[in-house]
Amino acid sequence: MQAAPVRANALPSVTTALRAVESLLLSSGQRTARRNAWTAVLEDRRRAKDRVEAQHVLEAVADHRS
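Mapping the sequence shown onto my numbering, position 47 (from 1) lands on 51, and the numbers just tick up by one.
Be careful, since some hints might not be right.
For lysine to any residue, the following SDA-like pairs were computed, each having C-alpha atoms within a straight-line distance of at most 25 Å [to be verified]:
(1) Lys53 <-> Ala41
(2) Lys53 <-> Asn40
(3) Lys53 <-> Asp67
(4) Lys53 <-> Arg39
(5) Lys53 <-> Leu30
(6) Lys53 <-> Glu63
(7) Lys53 <-> Gln34
(8) Lys53 <-> Trp42
(9) Lys53 <-> Ala66
(10) Lys53 <-> Thr43
(11) Lys53 <-> Gly33
(12) Lys53 <-> Ala64
Hints listed in this document are in silico derivations from the structure and should not be mistaken for laboratory results. The structure presented is a predicted model; accordingly, all values stated were derived computationally and were not measured.
Please put together the full structure from these sequences, using the hints given.
In structure tokens form, the structure reads like this:
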């Protein structure tokens, strides 16, 4: 009994597959707009996390002084 042959090319990742579908369905301007919107969402999440951390620090300092 022989072992199955090893594939020379790895299967594409989910991200690669989604980008291929995206390129078929959307024009380049729509792709750029979608990516820019997603980048903005990620940046908003980062800022929100920073605000929460800053609030915790301020509360800790206020509690320490009391």
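Outcome of the hint check:
no. : hint            : in the structure
1   : Lys53 <-> Ala41 : 19 Å, holds
2   : Lys53 <-> Asn40 : 20 Å, holds
3   : Lys53 <-> Asp67 : 21 Å, holds
4   : Lys53 <-> Arg39 : 21 Å, holds
5   : Lys53 <-> Leu30 : 32 Å, violated
6   : Lys53 <-> Glu63 : 15 Å, holds
7   : Lys53 <-> Gln34 : 29 Å, violated
8   : Lys53 <-> Trp42 : 17 Å, holds
9   : Lys53 <-> Ala66 : 20 Å, holds
10  : Lys53 <-> Thr43 : 15 Å, holds
11  : Lys53 <-> Gly33 : 30 Å, violated
12  : Lys53 <-> Ala64 : 17 Å, holds
Checked against the numbered hints given earlier, this structure breaks hints 5, 7 and 11; the rest are met.
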